[in-house]
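Residue numbers (the numbering used here), protein chains in the order written: chain P, 160 to 429; chain D, 160 to 429.
It should be emphasised that the hints constitute simulated quantities derived from the structure, not laboratory data. Computed from a prediction, not measured in an experiment: that's the story for all the values here. Worth double-checking, as some hints may not be accurate.
As the list claims (entries may be wrong) - According to the in silico footprint, chain D covers these stretches of chain P (three or more CB under 8 Å from chain D):
hint : region
1    : 171-177
2    : 252-263
3    : 305-313
Each residue gets a CB set at the ideal place from its N, CA and C atoms; glycine is no exception.
There are 2 protein chains.
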Amino acid sequence: MMILVDGYAADKIAVTDRGLSYGDGVFRTLRMVAGRVQNWHLHYAKLADDCARLALACPDKTLFEQDIAQFTGHHAGVIKLMVTRGDGLRGYAPPAMATPTRISMISALPHVDPARLSVGISARWCQLRLAHQPRLAGIKHLNRLENVLARAEWQDAAIAEGLLLDVAGNVIGGTMSNVFIVNNGVLSTPDLALCGIAGVTRARVLAYAKQLNWQVRITQLSQEAILAADEVMVVNSVIGIWQIRTLADKNWAAGSVTPLLRAYLEGDND
Amino acid sequence: MMILVDGYAADKIAVTDRGLSYGDGVFRTLRMVAGRVQNWHLHYAKLADDCARLALACPDKTLFEQDIAQFTGHHAGVIKLMVTRGDGLRGYAPPAMATPTRISMISALPHVDPARLSVGISARWCQLRLAHQPRLAGIKHLNRLENVLARAEWQDAAIAEGLLLDVAGNVIGGTMSNVFIVNNGVLSTPDLALCGIAGVTRARVLAYAKQLNWQVRITQLSQEAILAADEVMVVNSVIGIWQIRTLADKNWAAGSVTPLLRAYLEGDND
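Pulled out of the complex, with its shape left as it was, chain P reads as follows (with noise of 0.2 Å):
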């Protein structure tokens, strides 16, 4: 693992720092393979945009390339990047003249069981239901404690994600995935207006389908559409696309999307 801190290499931050505080930042995890961060341009593009949601100003591209050129010793891994406001005063107020913390790290690709990729998983439905903010709806931001409280729900290693709902009972995503349905031929991903987290891998997704001329809605998507869905799968950067096998009592054969759109995303699209 190596951790710089606006480009030194540390591993602590201020007590002070507002990210600490307020979860006052947004993040971004992304994959290195054969020493080169796929889809580069996309995350970073993302990350500013979710900077620019809260105002925030985001460091510049090159700051965080020649952060992630430093980790060169690294061939594969997982890559995190956060931005917060910056050490701030006591108070909400954002300061006027707030100089943001650039954190750049890397560790090691996680060990995750290869069947995930290959037969699929088994998921559960989560209690927690996801509140409606659609000034955040959409970013990545560190005030991920709904995120924390949903993946505490089960600790059976067998369940490889949580599906969460809304406060309308709408399904959003995973704790950690934007979720996929595809059901007589059309491709369908929850709308994120109100809340949930909007990746770069469902964007890939959502072009890729566009590219190839599907039908796609982005849509409120119920439980029972999800159980009557042909297939559903879940993406994000990290782990690719998971085809979900099993979830409650409803179990699905392999499905012919999944590794359609797998070899779609495992190249890099920039």
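Fit chain D to the given chain P structure using the hints.
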């Protein structure tokens, strides 16, 4: 300023602390006057309650008391205490054997215009609407982006506080305070079952009102109810109590309940 991390002087914490990664922790802000922390037992009880809500192991009271004993160089100040779930591997799942991080810090009392106490304040309505999340409501946790965004809505130093509505249009509190109104001899404060922070000072006001056999309502309060009230005040442990004298187009004369509550709050009820 003095900062202790797990009892030792330090101004930094691990980048991998879950307090930073996810806002996975809670905090308290207390006032030290004449070398003594006001309402310490109430504050610790609230800290422990908040930890329990997040299944966080709250450090023993005596550990915080030892921290505070190190702040002997300060006669008066603002003490901030934090508990996070500690260092974590990547991923939302709380570690099975989490070791919480304990942070105690003291800084000088902020300079506040004394007229806010003696005369009262001007307040405004915030645009941001608080989301409903019963699992987190009432807790002073580290996911405070809603407060940050709400407080960022104005820069005018003449406006001392902003009042927040929830998604249903009910008034919940200030960006950094709880709100009370007095109308026709009844003291009311918002129900915080769905959002907001249930502060120690709010609890003290409610306890005092009960002691005096006042009529008290913990209820839904509309903007109209606030504007129609005889007296409106905001409270927290650092500011004490401020009467709102101006809010949008509405002005109030000096009230009689605010000074009564202030006299009580300036004492120590532990």
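Against the structure, the hints:
Closer than 8 Å: that is the beta-carbon criterion, and the region 171-177 of chain P has 7 residues meeting it against chain D, so the requirement of 3 holds. Closer than 8 Å: that is the beta-carbon criterion, and the region 252-263 of chain P has 4 residues meeting it against chain D, so the requirement of 3 holds. Only residues whose C-beta sits within less than 8 Å of a C-beta in chain D count toward coverage, and the region 305-313 of chain P has 7 of them, enough to reach three; the restraint holds.
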